[in-house]
Amino acid sequence: MGVKNVGYRPARWDSSYFPGILKGMWITIKHFFSKKYTVSYPEEKWPVPPGHRGAIRLNKDEQGRIKCVACEMCSTACPAKCITMKAGVAPWPDRDKYPVEFRIDMLRCILCGMCQEACPEEAIELTEIYDFSAHSREALIWDKERLLRNWDITADGKYFERSKTETGM
Amino acid sequence: MNELGFAWIDIGILLLKILVVIVVNLVILMIMEWAERRVSAFIQDRLGPNRVGPAGLFQAVADGIKFFFKEEVVPTGADKWLYTFAPLLVLVPALMTFAAIPFGTTLELFGRAEPLQIVDLNIGFLYIFALVSLGVYGVVLGGWASNSKYPFLGGLRASAQMISYELALGMSVIGIVMITGSLRLSTIVEYQNGLLLGFLPRWNVFLQPLAFITFLVAAFAETNRLPFDLAEAEPELVGGYHTEYSSMKFAMFFMGEYIALITTSALLTTLFFGGWDFPWVDEKALGIWGVLLSIAAFALKTGFFLFFFLWVRWTIPRFRFDQLMRIGWKVLIPLALLNIVLTGAGLLFVH
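Same order as they appear, the protein sequences are chains C and P.
Quick note on this note's numbering: the first sequence kicks off at 21 and runs consecutively.
Quick note on this note's numbering: the second sequence kicks off at 7 and runs consecutively.
Simulated from the structure, these hints should not be mistaken for lab results.
You may find that some hints are simply not true.
[What the hints assert, rightly or not] Computed from the model, here is a short list of chain P residues facing chain C with C-beta under 10 angstroms:
1. 45
2. 49
3. 50
4. 60
5. 153
6. 154
7. 158
8. 159
9. 211
10. 213
11. 215
12. 232
13. 325
14. 326
[As the list claims (entries may be wrong)] Dumping the calculated SDA-like pairs for lysine to any residue here, alpha-carbon to alpha-carbon at most 25 angstroms:
15. C:80 / C:26
16. C:55 / P:59
17. P:72 / P:112
18. C:106 / C:72
19. C:43 / P:337
20. C:56 / P:58
21. C:50 / P:324
22. C:56 / P:119
23. C:55 / P:155
24. C:55 / P:309
25. C:56 / P:314
26. C:43 / P:211
27. C:55 / C:182
28. P:336 / C:169
29. C:56 / C:41
30. P:76 / P:155
31. C:55 / P:43
32. C:106 / C:69
33. C:164 / C:57
34. P:23 / P:155
35. C:50 / P:23
36. P:23 / P:83
37. C:43 / P:347
38. P:336 / P:347
39. C:43 / P:23
40. C:55 / P:58
Glycine is no exception: its CB is placed at the ideal position from the N, C-alpha and C atoms.
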């Protein structure tokens, strides 16, 4: 039954607190001068990893025309039923239809990326924009122009490099 | 001179000095409020408040405006008079302490020799310690008058802590009084002008290293700073003695704490680091530039200690209450006594 005490007993010099305090002060002063990890948010934005599913964009082709052919695959695939569109006869000879109106209700959108998966034309994609809050509900129902603007600011893949000057919204 | 034995110009200059010291103190106070958060952030690899004004320097103004617009809550069972009086009792003695501290060499302008010190008391030392110990009454009364348990515990702790550490604080500087032979702070600073062994500035920190360490530790306890801020220990006592305080009363407690910090830093500089003495330079021979140099030296040293207080705060965790009492009674006071004996022996040896 002999109790064997193997607890830590500091040496006399250690128990004077001084070595520990000096060591701690050295560590804190090193951190004082080290690199800061804060991202000054509205000016700088934290770059999200590739594959991030953020705000939706509508892609344009090389001639600057909307890629979408209004096949309604995306709105069919959408589990939140947030995509509505109105198809019209395309003014271009290489396709039959194009969306006259294209509306995504971002209040309902769950950013699942199913529309992107379903699209046969690679016309709808999710982008790296993650801060698209607004002051009203109406502002979050995005029309065709709004979605095409997302393409304009993200197409070159340098959205975060430019984010110091423009807010993206 | 008039029939009462004083000249109006003297009073005018005195009032001017008081005004300058108070204004400078309040400005440093605002910088400190900002610096506390900036330094803590930098030590934790963050940036801290940097939005209000250049580098966030006007953060204190924003905080002040916020405090003014906060609702003032007085607990039902509180002793109204003491509850209102307590924050003042912390702030005012802390501000008054600065009166005896010399912050520069003698300024000679238009044929007048004006010491840069509000009053050159011949008992400057005792005056400062008397006022420093008054500060604790604000904390104790604030804790008691709130009529609430946590503040009461905080006030209780503060009184025990202050009594323990005031002894060590007072005794650790007796060595300096012994070698200087004066309680006058300007004499103590003058004594520290010059060189030791030909190259070291003759500062008391080199003559009295033991006294410096005991004084430093006791000063942390006296100003209620971490690692000895048991009176407000947030994780244990909510907010300690200021739990029930809000609005400007709370701000006044904080101002008092920071002013006490500034005064203590100035006192550390004066007693141990040569006050306004810039080493290896004779300020008196340089005229007006010497005066400016002495003020700059004093500000620099005080600033270093202010930073040191923050640096320590964000490094060392809080001591337990029994540890605090053990350090105070069983380590610091014997060390201070030992220092007195050693100083006496040294003085006997030298003479």
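Quick rundown of the hints versus the structure:
1. Residue-level restraint check for residue 45 of chain P holds (minimum Cβ-Cβ distance to chain C is 7 angstroms; threshold 10 angstroms).
2. The beta carbon of residue 49 of chain P is positioned within 10 angstroms of a beta carbon in chain C (closest approach about 5 angstroms), and the interface hint is therefore held.
3. Contact between residue 50 of chain P and chain C, as hinted, is supported at the beta carbon level, the nearest pair being about 7 angstroms apart and thus within 10 angstroms.
4. For residue 60 of chain P, the interface hint is violated, the least distance from its beta-carbon to any beta-carbon of chain C being 15 angstroms, above 10 angstroms.
5. Interface restraint check for residue 153 of chain P: the shortest CB-CB distance to chain C comes to about 37 angstroms, outside 10 angstroms, so the restraint is violated.
6. Evaluation of the residue 154 of chain P hint against chain C yields a violated restraint, the C-beta minimum of about 33 angstroms exceeding 10 angstroms.
7. Look at residue 158 of chain P: its Cβ only gets to about 30 angstroms from chain C, farther than 10 angstroms, so that hint breaks.
8. Among the interface hints, the one on residue 159 of chain P is violated; its C-beta lies about 25 angstroms from the nearest C-beta in chain C, farther than the 10 angstroms criterion.
9. The restraint placing residue 211 of chain P at the interface with chain C is violated, with a minimum CB-CB distance near 16 angstroms, outside the 10 angstroms limit.
10. Taken as an interface hint, residue 213 of chain P does not check out: its beta carbon lies about 21 angstroms from the nearest beta carbon of chain C, beyond 10 angstroms.
11. Violation of the interface hint for residue 215 of chain P is found here, the shortest Cβ-Cβ separation to chain C being roughly 13 angstroms, above the 10 angstroms cut-off.
12. Interface hint status for residue 232 of chain P: violated, as the beta-carbon distance to the closest one in chain C is roughly 12 angstroms, over 10 angstroms.
13. With 10 angstroms as the threshold, the beta carbon of residue 325 of chain P comes within range of chain C, its nearest partner Cβ sitting at about 9 angstroms, so the hint holds.
14. A least Cβ separation of about 12 angstroms between residue 326 of chain P and chain C goes past the 10 angstroms threshold, and the interface hint is therefore violated.
15. Between the alpha carbons of residue 80 of chain C and residue 26 of chain C the distance comes to roughly 73 angstroms, so the proposed pair goes past 25 angstroms and is violated.
16. Among the hinted pairs, residue 55 of chain C with residue 59 of chain P is consistent with the structure: their alpha-carbon atoms are about 23 angstroms apart, no more than 25 angstroms.
17. Between residue 72 of chain P and residue 112 of chain P, the direct Cα distance comes to roughly 41 angstroms. Violation of the 25 angstroms bound is thereby established for this hinted pair.
18. A hinted pair counts as satisfied when its Cα atoms are at most 25 angstroms apart, and residue 106 of chain C with residue 72 of chain C does not qualify at roughly 29 angstroms.
19. Straight-line distance between C-alpha atoms of residue 43 of chain C and residue 337 of chain P comes to about 21 angstroms, which keeps the hinted pair within the 25 angstroms bound.
20. Between residue 56 of chain C and residue 58 of chain P the CA atoms are separated by roughly 19 angstroms; this keeps the pair inside 25 angstroms, and the hint holds.
21. Between residue 50 of chain C and residue 324 of chain P the alpha-carbon distance is near 21 angstroms, which keeps this suggested pair within the 25 angstroms criterion.
22. Our distance criterion of 25 angstroms between C-alpha atoms is broken by residue 56 of chain C and residue 119 of chain P, whose separation comes to about 49 angstroms.
23. Distance hint between residue 55 of chain C and residue 155 of chain P is unfulfilled; the C-alpha atoms sit about 43 angstroms from each other, more than 25 angstroms.
24. Restraint check for residue 55 of chain C and residue 309 of chain P: the C-alpha separation of about 24 angstroms stays at or below 25 angstroms, so the hint holds.
25. A hinted pair counts as satisfied when its Cα atoms are at most 25 angstroms apart, and residue 56 of chain C with residue 314 of chain P qualifies at roughly 21 angstroms.
26. Under the criterion of a C-alpha separation no larger than 25 angstroms, the hint pairing residue 43 of chain C with residue 211 of chain P is consistent with the structure, at around 22 angstroms.
27. Restraint check for residue 55 of chain C and residue 182 of chain C: the C-alpha separation of about 23 angstroms stays at or below 25 angstroms, so the hint holds.
28. At roughly 73 angstroms between alpha-carbon atoms, residue 336 of chain P and residue 169 of chain C are farther apart than 25 angstroms, so this suggested pair is violated.
29. As the CA atoms of residue 56 of chain C and residue 41 of chain C are separated by approximately 24 angstroms, the hinted pair is consistent with the 25 angstroms bound.
30. At most 25 angstroms may separate the alpha-carbon atoms for a hinted pair to count; residue 76 of chain P and residue 155 of chain P meet this at roughly 24 angstroms.
31. For the given pair, residue 55 of chain C sits about 17 angstroms from residue 43 of chain P by alpha-carbon distance, which is consistent with the 25 angstroms threshold.
32. With a C-alpha separation of about 34 angstroms, the suggested pair residue 106 of chain C and residue 69 of chain C falls outside the 25 angstroms cut-off, and the hint is violated.
33. Restraint check: the Cα-Cα separation between residue 164 of chain C and residue 57 of chain C comes to about 38 angstroms, which exceeds 25 angstroms; the hinted pair is violated.
34. Restraint check: the Cα-Cα separation between residue 23 of chain P and residue 155 of chain P comes to about 43 angstroms, which exceeds 25 angstroms; the hinted pair is violated.
35. A threshold of 25 angstroms between alpha carbons decides the hint, and for residue 50 of chain C with residue 23 of chain P the separation of about 40 angstroms lies outside it, so the pair is violated.
36. Between residue 23 of chain P and residue 83 of chain P the alpha-carbon distance is near 42 angstroms, which puts this suggested pair outside the 25 angstroms criterion.
37. For the hint pairing residue 43 of chain C with residue 347 of chain P, the CA-to-CA distance comes to about 31 angstroms; that exceeds 25 angstroms, so the pair is violated.
38. With a C-alpha separation of about 17 angstroms, the suggested pairing of residue 336 of chain P with residue 347 of chain P holds against the 25 angstroms cut-off.
39. For the suggested pair residue 43 of chain C and residue 23 of chain P, the alpha carbons sit about 42 angstroms apart, so the restraint of at most 25 angstroms is broken.
40. Taking the CA atoms of residue 55 of chain C and residue 58 of chain P, the gap is near 22 angstroms; set against the 25 angstroms cutoff, the hint holds.
Hint compliance for this structure: hints 4, 5, 6, 7, 8, 9, 10, 11, 12, 14, 15, 17, 18, 22, 23, 28, 32, 33, 34, 35, 36, 37, 39 are not met, and every other hint is.
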